[in-house]
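So the protein sequences, as listed, match chains C and R. Start counting the first sequence at 63; every next residue gets the next number (my numbering). Start counting the second sequence at 1488; every next residue gets the next number (my numbering).
Since the hints were made in silico from the structure, they are not lab data. Careful, some of the hints might be misleading.
Here are some of the chain R residues that sit facing chain C, going by a computed Cβ distance under 10 Å [stated by the list, open to error]:
hint: 1; residue: Lys1585
hint: 2; residue: Tyr1592
hint: 3; residue: Trp1613
hint: 4; residue: Thr1681
hint: 5; residue: Ala1702
hint: 6; residue: Met1710
Even glycine gets a Cβ: it sits at the ideal position worked out from N, Cα and C.
These are the residues of each chain, in order.
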Amino acid sequence: MICGKRYWEYSSSTTTYIRMMAVSDSVIGSRLPSSQGRTLKEKTRYILISVASLVLFIVIWDLASRTGIISAKKLPVPSKLFETFLYKLTNKNPDGNTLGIHIWTSLQEALIGFFFGITIGVPLGISMAWFRKFDKLFSPLFDLIKPIPPVGWVPIMITFFGIGIMSKVSVIFIASFIPAVINSYSGIKQTRDVHTWVAQTFGASRSQVLFTVAIPSAAPMIFTGARVALNGSWVSLVAAELIASTKGLGYMIQTARLVGRIDVVFVGVLVIGVFGAILMEGLSYLERRFVKGGRR
Amino acid sequence: MTVRQWISDDTKETWIYGILGFLLFLMVWQMACVFTDFGTIFPSPGVSIRTFFMAFIEPIGRYTLLGHISISLKRVLIGYGLSSVAGIIIGLLMGYSKMAHAIIYPIFCIVRPIPGIAWIPLAILWIGIGESTIYFIIFMGGFSQMVMNTMDGAQHISPELVGVAKVLGAKENQIFRKIVLPSSVPYIFTGLQTSLSTSWMAVLAAEMITAREGAGWLILSGMQTGRIENNVIGMISIGAVGLLLAALLRETERRLCIWTVRSR
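Let the hints inform the model, and build the full structure from the sequences given.
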C-alpha cells in the first residue's frame, strides 16, 4: 500500500530541501556503504546475533520443557516435534491420514477456490470500474457482502454442500473473490488521466485504452489483491477445516487436540505456517515475473 | 475525474441503479426459494427480515441479537487493543533498532506466517476453554500484521531527516519522538486497518469452536439446529458492525494524519 509522500516532499521551497540534502549527506556519509568492509562486517555481526538468538530461543524452550518448568503436555521438546513430524509422514495415527494427504487436501482446496475467485473476481472488478452502469448496478450489492468475514460463510456453505471439498472451495472462493474485485476495481479507477489522454490523442479506441493502458497500470494493484486473497484463503481454509471436515491440516490439528496429542498440534500449526509462507512466496515470484514497474 | 465528482454528477442515476440491483437480488433470492429446492434449506428474504427484527426482542440461546453482538464486540476490542499495543511496540523496536531486529526477527519469523485461527487448538490445550482463550486467538490474529506494518514504517524514515536532526543536535529520544514516530503513523494505521478485519475473522472462528455465545456461536448454532435464518442474521449483523468499525478507524486516521495524502 502506498502511503503518500514524506512531508518534506511538500516543502514549497526547493532550496531548503537541497540544503538539507547537502547537510545530511555529510552526516550520514559515514553510514553509507563508502567503506564496504565495515558494513559487511556489521552485517555478519547482526547475522551472528540472529543465529544466536534463535539458538537461545530453542535452548530455553528445550530446557523449560525438559526440566518440567512447563509441562511436556503443554510444550513438547523441540526434538520431539521433529520425531513427530517424521512419524506423521508415514503413520496414520491419530486422525486417519498421513501428513502428506492432509497437506495435499488443504493445498488442493485452497488453490481451486483461489483460482476461481481470481478468474471471476478480477474481470468483474475491471468491468465494474470500466462500465458505469455495471458499477451502479453491482456496487451497492457488493458493498453489502464485502464486510462479512469469509469465516462467517462456513456454516452456510456446509449446510449447502456438506462437509466435503465443495464447501471449503466455496468458502475460499468468497474469501479470494472479494479482495480480487476490490483491488482490480480500485486499480482501474486509479489509472492516470494523463495516460488515458495520451492514448486517446493517438487515436486509441476505448477497448485499446482498457487493454493497453488501464489494465497494465492496474496490474500491481491487482497482484496486491491476489496476495490479500491468498492470505485470506489460507486463513479461512484452516477455519473451515477446524469446524467441519474429514481431512486437511485444520482437521488434523483439531483431532490431535481432541485426543490430547499436543506434539501433532504443534507440527500441524508449523506446517500450516510453512505452507502459507510458500504460497505467498510463489505469488511474489509470479508478480516479479509478470508485473512491469512494480511496487515501491 | 475523481470518483467523488462523478458520483455527485449523477446521484440520481446511482440511486436508481443501486435500488434496481438490490431489488433484482431480492427477486432472484425469492424466486429461488419459491421455485427450486433452495427454499427447503434456505429462508426466503421475508422470513430473514422478520427474524432479524424479532431477534432484537426475542433471545436466541441466552441473549438477544444485540447481546450476542456486544459480546463479540467486547472480545474483539480487548484482543485487538492488546495486539495493537504489543504490535506497535515490537514493530517500532524492530524497525528502529537494528540490534532488536537481529534478536527478535528470527523468532518472529516462525510465528508470523501462522494464521491466528490455526492457534485455536493450541490455545485450547494451553489455556482451556474460556474468555482468555478467545482473547489470545484474536491477539494472535492481528499481531503479526501489526508488527510487520509498524516495522515497515519505522524502517522507511528518510535518512535525510534523521541527518538534519542530528546536525541540529537532536538527541536519540528526540529523533525517535519527532521523526520516527510521526512518519510511521500512516503505516501503523494501515496495520490497524488490516488487523481489524483479521481480528473480526478470528473472533468468529473462535466463537464457532469454543464459545457458547456471541455472533460466531449464533451463526454456527443456526447451522446445527437447522435454523438457517439465525445464520443469515448473524452474518448481516457481523458485516454491519465490521463496516462501522472500519469506517470509524478511517475517520480517526483522517483526523490524526492530515499530512498523509493517501492514494486511495
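Indices of hints not satisfied (ascending): No numbers; nothing is violated.
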